[in-house]
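Letter by letter, the sequence shown follows residues 686 to 1115 in our numbering.
What the hints contain is simulated information worked out from the structure, not anything from laboratory work. Take the hints with a grain of salt, since some may be wrong.
For lysine-lysine, the following DSS-like pairs were computed, each having C-alpha atoms within a straight-line distance of at most 30 Å [what the hints assert, rightly or not]: (1) Lys-1022 with Lys-954; (2) Lys-1103 with Lys-832; (3) Lys-857 with Lys-952; (4) Lys-1025 with Lys-857; (5) Lys-954 with Lys-914; (6) Lys-752 with Lys-839; (7) Lys-985 with Lys-931; (8) Lys-931 with Lys-875; (9) Lys-839 with Lys-1103; (10) Lys-752 with Lys-832; (11) Lys-954 with Lys-985; (12) Lys-862 with Lys-914; (13) Lys-1025 with Lys-985; (14) Lys-839 with Lys-875; (15) Lys-914 with Lys-975; (16) Lys-975 with Lys-985; (17) Lys-1025 with Lys-954.
In this text the structure is predicted, and so the values were computed from the model without any measurement.
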Amino acid sequence: MSSRYRVDYYLKEHRRDEFIEWIKSLLATPFVLYAVKPNLTVTAVQDLMINSDAARRYAEIFHDIEKLVLDHIEMTRLGTPEQSRIVQLVPSIGTFFTPLPLEQAFYIQDQRRGISMRRLVAPSFNDIRLVLNTAQILQLSMPFHEKADNSREKLLKLITFDGDITLYDDGKNFDPKSPLLEHMLTLLRKDIIVGIVTAAGYRDAARYHERLAGLVEGVHGSDLTTTQKQNLLVMGGEANFLFRYKDDIEGLEFQEEESWLLPDMKKWKQSDIQTVLDFAQENLDNLVHKLSLPATTIRKERAVGLVALPGANLIREQLEEVVLRVDHNLRQFQPAKNIKWCAFNGGSDIWVDVGDKSLGVQVLQQFLQRNDGQRIGPQNTLHVGDQFNALGSNDYASRTAAATAWISSPGETCALLKDLICFIDEWASY
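Using the sequences and the hints given, assemble the complete structure.
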């Protein structure tokens, strides 16, 4: 989400993340009891002691959460995740594919954001989101520094990205001058596969070349080996169109469905797909009329969308009303239970796509295993995106297929990759 239409997470229940809200509630106690000094005049030494005490207590909480995550991982391994303590505290919690060094991550973010130095503003949603991101990339970089024989099995092998708001501003293209380019080339040099998993769905490689021109041309003109260049893949339409960079054509090459379709996807009936898209389009058309929206619907091969008319804009509340209604209706529509789909708010439009990003990430994992012999699991994969709310967001589903990092702008993505590369090259010590 860019600053132009950032969601206020505190106002809407469906926009909240229970895990982050729970951590916020835990951090509220030390903030109230220890971070505020009753008298208005304190010496520099006293202020330093207050900061130190607040940081220590915040760190203790993150350390305890760290242990709860480890317990949940162990309970999941034993097949009884419902018995973990964290599930009892946060019932909606999902699967953790790796441990999270949250205490260390907190100290890193505290130095940057001055969390423990604040007296009137408690640890926020964004503070905790960034701590979680840092913890995740710290853990994924750790195997690069281990000498154990099995450390190779834990290495980060695949990193996937959303498009809009993650790699470039909403509706824009990947600019050749983007600071992200050099970071992504560095990842490719380290033999880490880079995948773009985007909602934009086309069969024509030229459309993606146009959208990702800066990246594709940057890869072509780089000093990467042929194999490293082929480690750039694009999954379009969530999980509908796969492309891979080919050096001999200096661009992206379409991959036939037979080479990558997952077993469950092969079972989908074309009649169900068309029926679901017809139903979604009917719902969108009805809502345009009922809500008097200055919008029209667009039908694609594997998606249907609602977009504003030329010269008009849809406000955030209208977009959220539409996506929640369509999502609700589709969940009760029988043919929609036979396939996977996602309905999401794109920030200025609404889309219903066949498939979702969990499938998109899994397709890349299985395709690479089938074609390159790479064994890539969720613990070897990081998905970076801006939409991780439970409803109306298309990155949320990727949490079942990969470790994730929740960002809010291309600038945050750039900072995340800079940290990741730094942690891989030289282990962070805090």
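Results for each hint:
| no. | hint | result |
| --- | --- | --- |
| 1 | Lys-1022 with Lys-954 | 12 Å, holds |
| 2 | Lys-1103 with Lys-832 | 24 Å, holds |
| 3 | Lys-857 with Lys-952 | 36 Å, violated |
| 4 | Lys-1025 with Lys-857 | 28 Å, holds |
| 5 | Lys-954 with Lys-914 | 35 Å, violated |
| 6 | Lys-752 with Lys-839 | 20 Å, holds |
| 7 | Lys-985 with Lys-931 | 27 Å, holds |
| 8 | Lys-931 with Lys-875 | 19 Å, holds |
| 9 | Lys-839 with Lys-1103 | 21 Å, holds |
| 10 | Lys-752 with Lys-832 | 24 Å, holds |
| 11 | Lys-954 with Lys-985 | 17 Å, holds |
| 12 | Lys-862 with Lys-914 | 19 Å, holds |
| 13 | Lys-1025 with Lys-985 | 17 Å, holds |
| 14 | Lys-839 with Lys-875 | 15 Å, holds |
| 15 | Lys-914 with Lys-975 | 49 Å, violated |
| 16 | Lys-975 with Lys-985 | 23 Å, holds |
| 17 | Lys-1025 with Lys-954 | 12 Å, holds |
Violated hints for the displayed structure, listed by number in ascending order: 3, 5, 15.
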